[in-house]
Structures are given as C-alpha cells and as structure tokens.
Amino acid sequence: MALSPILVPLLLIPIFLGSVSAISPLKTDTLKPGQQLRDWEQLISAGEAFTLRFFTPRESSTFLLGSGAGLRYICIWSQTDPVWVGNPTEPVSDSSGSLSIDTNGALKITRANASPIMVSPHLSLAGNVSATLLDSGNFVIRDAGRGGGGGPGRILWQSFDHPTNILLPGMKIGFNLKTKKEISVTSWTSNQVPTPGAFRLGLDPSGANQLLVWRHGEIYWSSGILTNNGSSQLALELSRRYNIDYEFKFHSDKRMNYFSYSVKKTKGSVSSSWFLDTLGQITVTTSFRSNTCAGGTSESSGPCKKYLKSSSAICIAEKPTACRKGTEYFEPRRGYMMDNAYYGDGLSSGISDCHGSCWRNCSCIAFQSLPRGRCQYWGKGSTFVPYDNFNGGLVLIVYVLDSEK
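Quick note, the sequence shown lines up with residues -22 to -1, 1 to 383 if you use mature numbering (1 follows the signal peptide of the UniProt record, and there is no 0).
Think of the hints as simulated: they come from the structure by calculation, not from any bench. Treat the hints loosely; a few may be bogus.
Unchecked claim - No more than 20 Å apart at the CA atoms, straight line, and that leaves these computed lysine to any residue pairs for SDA-like: (1) Lys242 to Thr205; (2) Lys10 to Lys158; (3) Lys150 to Asp231; (4) Lys232 to Lys303; (5) Lys158 to Thr205; (6) Lys5 to Gly25; (7) Lys150 to Asn169; (8) Lys297 to Gly195; (9) Lys10 to Gly131; (10) Lys158 to Lys242; (11) Lys227 to Gly131; (12) Lys156 to Ser238; (13) Lys227 to Arg132; (14) Lys150 to Glu225; (15) Lys227 to Thr173; (16) Lys159 to Lys242; (17) Lys86 to Leu101; (18) Lys150 to Ile203; (19) Lys358 to Arg311; (20) Lys159 to Leu101; (21) Lys150 to Ser200; (22) Lys297 to Arg311; (23) Lys158 to Ser240; (24) Lys159 to Asn169; (25) Lys150 to Glu19; (26) Lys303 to Cys340; (27) Lys5 to Lys158; (28) Lys156 to Pro183; (29) Lys227 to Gly195; (30) Lys86 to Thr58; (31) Lys159 to Ser238; (32) Lys303 to Gly324; (33) Lys150 to Ala122; (34) Lys5 to Pro183; (35) Lys156 to Gly195; (36) Lys227 to Lys303; (37) Lys5 to Ala24.
Stated by the list, open to error - Label pairs and their calculated CB-CB ranges: (38) Tyr365 to Asp80: 49 to 57 Å; (39) Pro183 to Met96: 50 to 58 Å; (40) Lys297 to Ala90: 20 to 28 Å.
Using N, Cα and C, we set each Cβ at its ideal position, and we do this for glycine too.
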C-alpha cells in the first residue's frame, strides 16, 4: 500500500570537513594510465565540490581520513560525507592500496600481497582513456580519442550508473532497457560497513511515477505519485523551506526508464543529496551558500510512526504479530543486558534484520547489532544495567523494548 511522504524537520546540518592533514591532493581531477592514486592522495573536482580518496568508516558517521588504520575504501566525498564507494564488498586491509586505470579502461585497486580489486570492468572499446571526477560528483571514464574536435570524449563508464546509498542531482535511477539492468540506491549494512544492506530505493517497475523503498524485496515505503517540474507535494514541501527549487523528472525512451531530480537557487550555489540510511529512511539534505549567508536543511521521508513516545526510539515499521500490536518500539540505551543472551543464526543485513528478528520473537526484549552482520539478543528475565551502574566490561548501545525499561 502506498504511503504518503512524511517530512520531519531536523537540525541544520553543519559543514563537517574532518581532519585532512594527512591527505595530499594530486592537484588534478583526472587519473590517466600510468598514474596511481595512493592511500594518502586525492583527486579534486575542477570546482572543488567533490574529492576522491580512500577512507575508513567509523562509528556514528565519523570517518578517519588519510590513515592506514582499519579497512580502506575508495570513495567520493562531498564537503561533509561520502556519497559513493567503489569497493563496498572488498575493502583493502591496510594502507597499501592505490587506484589506477589501465589502457583497457579498467579502474582497479592494487594492494600488497593480494590480487587487485576491480572497481570498473575492462572496456573493449577503450583507447585513449582517462578517469575524471566531475563537479556533479560523477566519476567518469572517457575515451578522449573518440571525442572529436578536442572534446572530452564519450563516456564509457560512470559511477552514477553504480550508486551506493546516495542519490545526487542528475543521477538516474530506473531501468536500462538495453542491458536489462536496474539502477537503484542501496543502504549500507551499518554505518561502519558499506556492503549492501536491507533497503533499496528505486523506480516503481509497474510504470507509475513514484519511488519505492524495498526491504529485502518487499515494498516498505512509497513516495506516492510524483510529477515532473516539481509540482508534487514532496517537491513543493522541499522547495518551500529555503526558496530552493526542486524539480523531479520521469523519462522513458528506447534505452531507459528513469527518475532524476535537480535543485537550484535563484542566488548563490546549492548542493543536495538523498541518503538512504540503514533504517530505510530517506534523508534529503540541502546546503546553500551565497554572498550574504549559508545554511542547510535536512528532511526525512519514510514509514516512521507518529505514535513513538521517544524521539530517540529506533524507527523501523514492522507488521503486528501475536505478541506485538505494532505500537511498541525499541529504544537505544547505554549500558549492558545481563543474563539470557543468545546469538542469531547466520549473517544479517544490519540493524533492521536484528530488529525484525527480535520483533517476531515474543520472548525477545532487547537486541544489539554487532559488526560484520551478527545479532545478539536477550530474552525475558534479562536485566538492563545502565552505564552509571556498570562497573566492568565493555559499555554498549543496546535496543530495549519500551515495556521492559
């Protein structure tokens, strides 16, 4: 069933630049055959809107830049956040990784004591190739020899065709009718693990002009019918707050059916992104800058229920069961659960899977999402020990059923 968009105003988003003292730019936006982008280096788009570099995800959206500690991923960064990851399922285990492009047009990460990681495939039509980071946030491979007239050349591959958890202006999601491939946005498993998670944002395959979020293949949320030229309710709501024009585009031709959006401001510059998080929520972030002011806003859309009695409660919509009415919620608490602990079978796709398993088990009163796809649960009779009263061991964030607090 289609759900109407729910817009929840959040705090203004500050610009977070992070610590970049260890990052060394190549002073270019383009990588050519024979060149390497090493772990501590970065490409910068011509207008300095985006950078391409290695990173290590950290807890609570804090990221460690320019360090060999932890698993390393090649990513595109906006001013504040990573917007694309090139090797989400195969990280580099240390700082030995370097990105290069060969004469066949293949982007790959070479590393010590291991085989290369392929970021893009070999391109049979490649010739005089190069990879360029654009101010749109798109990383493109071009064949300069085919451009003609000294132009940049035809695009052979682009990161916009392989999104991760972010939708940027100009990026298209939908169906490539030639390759029979669907292009969609997929949530991360967790804030620390960019492997594909439980949720996917894409175009309605029925042909209706609406966006859907699926949870493991089942429809979880619908935008409702959207229209071109920004006349839909969602576009108008997004446009109204800061006099920023959102325009939605639905297009169909012999090659592709797709949705894309654009954003503009009468005066000054504006940037935007749609972020599909690990809970299946879509957060639309918009930042603007002019000669007189700068600011931003963030709005969330999704099937969050208004009955939640706590602003900190985890918001994942679940179906009622024999023991859950559908109005209960799990709230994060800092401390530890004692007794009656058990672990889930197999790997999960993140916190939503742990939440769903605990929800369906009538004896489960708390859970925790562990790194690398594991879930820990606690049954009835367990006791929560708050941080202030906990004298030993590791202090964790656990999600406790509201009736058990």
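Right, here's what the structure says about each hint:
1. Lys242 to Thr205: holds (18 Å)
2. Lys10 to Lys158: violated (31 Å)
3. Lys150 to Asp231: holds (13 Å)
4. Lys232 to Lys303: Violated. Lys232 to Lys303 sits at ~47 Å, over the 20 Å cutoff.
5. Lys158 to Thr205: Not satisfied, since the Cα-Cα distance of roughly 25 Å exceeds 20 Å.
6. Lys5 to Gly25: holds (12 Å)
7. Lys150 to Asn169: violated (24 Å)
8. Lys297 to Gly195: holds (15 Å)
9. Lys10 to Gly131: With a Cα-Cα distance of about 14 Å, the restraint between Lys10 and Gly131 holds, given a limit of 20 Å.
10. Lys158 to Lys242: violated (32 Å)
11. Lys227 to Gly131: Outside the cut-off at roughly 26 Å; violated.
12. Lys156 to Ser238: holds (19 Å)
13. Lys227 to Arg132: violated (24 Å)
14. Lys150 to Glu225: At roughly 13 Å apart (the allowed maximum being 20 Å), Glu225 and Lys150 satisfy the hint.
15. Lys227 to Thr173: Violated, at roughly 29 Å.
16. Lys159 to Lys242: violated (30 Å)
17. Lys86 to Leu101: OK: Lys86 and Leu101 at ~13 Å, within 20 Å.
18. Lys150 to Ile203: With a Cα-Cα distance of about 18 Å, the restraint between Lys150 and Ile203 holds, given a limit of 20 Å.
19. Lys358 to Arg311: holds (17 Å)
20. Lys159 to Leu101: holds (18 Å)
21. Lys150 to Ser200: At roughly 18 Å apart (the allowed maximum being 20 Å), Ser200 and Lys150 satisfy the hint.
22. Lys297 to Arg311: This hinted pair is violated, its Cα atoms lying about 24 Å apart.
23. Lys158 to Ser240: violated (26 Å)
24. Lys159 to Asn169: violated (27 Å)
25. Lys150 to Glu19: Between Lys150 and Glu19 the Cα gap is close to 29 Å, so the pair fails against 20 Å, i.e. violated.
26. Lys303 to Cys340: holds (11 Å)
27. Lys5 to Lys158: Violated: Lys5 and Lys158 sit about 39 Å apart, past 20 Å.
28. Lys156 to Pro183: Holds, at roughly 16 Å.
29. Lys227 to Gly195: Distance ~25 Å between Lys227 and Gly195 Cα, so the pair is violated.
30. Lys86 to Thr58: Roughly 25 Å between the alpha carbons, so the hint for Lys86 and Thr58 is violated.
31. Lys159 to Ser238: holds (17 Å)
32. Lys303 to Gly324: Given pair Lys303, Gly324 is violated - Cα atoms ~27 Å apart, limit 20 Å.
33. Lys150 to Ala122: violated (24 Å)
34. Lys5 to Pro183: Distance of about 43 Å is beyond 20 Å: violated.
35. Lys156 to Gly195: Violated - the C-alpha atoms of Gly195 and Lys156 are around 23 Å apart, more than 20 Å.
36. Lys227 to Lys303: With Cα atoms ~39 Å apart, Lys227 and Lys303 exceed 20 Å; violated.
37. Lys5 to Ala24: holds (9 Å)
38. Tyr365 to Asp80: 49 to 57 Å: holds (52 Å)
39. Pro183 to Met96: 50 to 58 Å: Distance hint for Pro183, Met96 is violated at roughly 29 Å.
40. Lys297 to Ala90: 20 to 28 Å: violated (48 Å)
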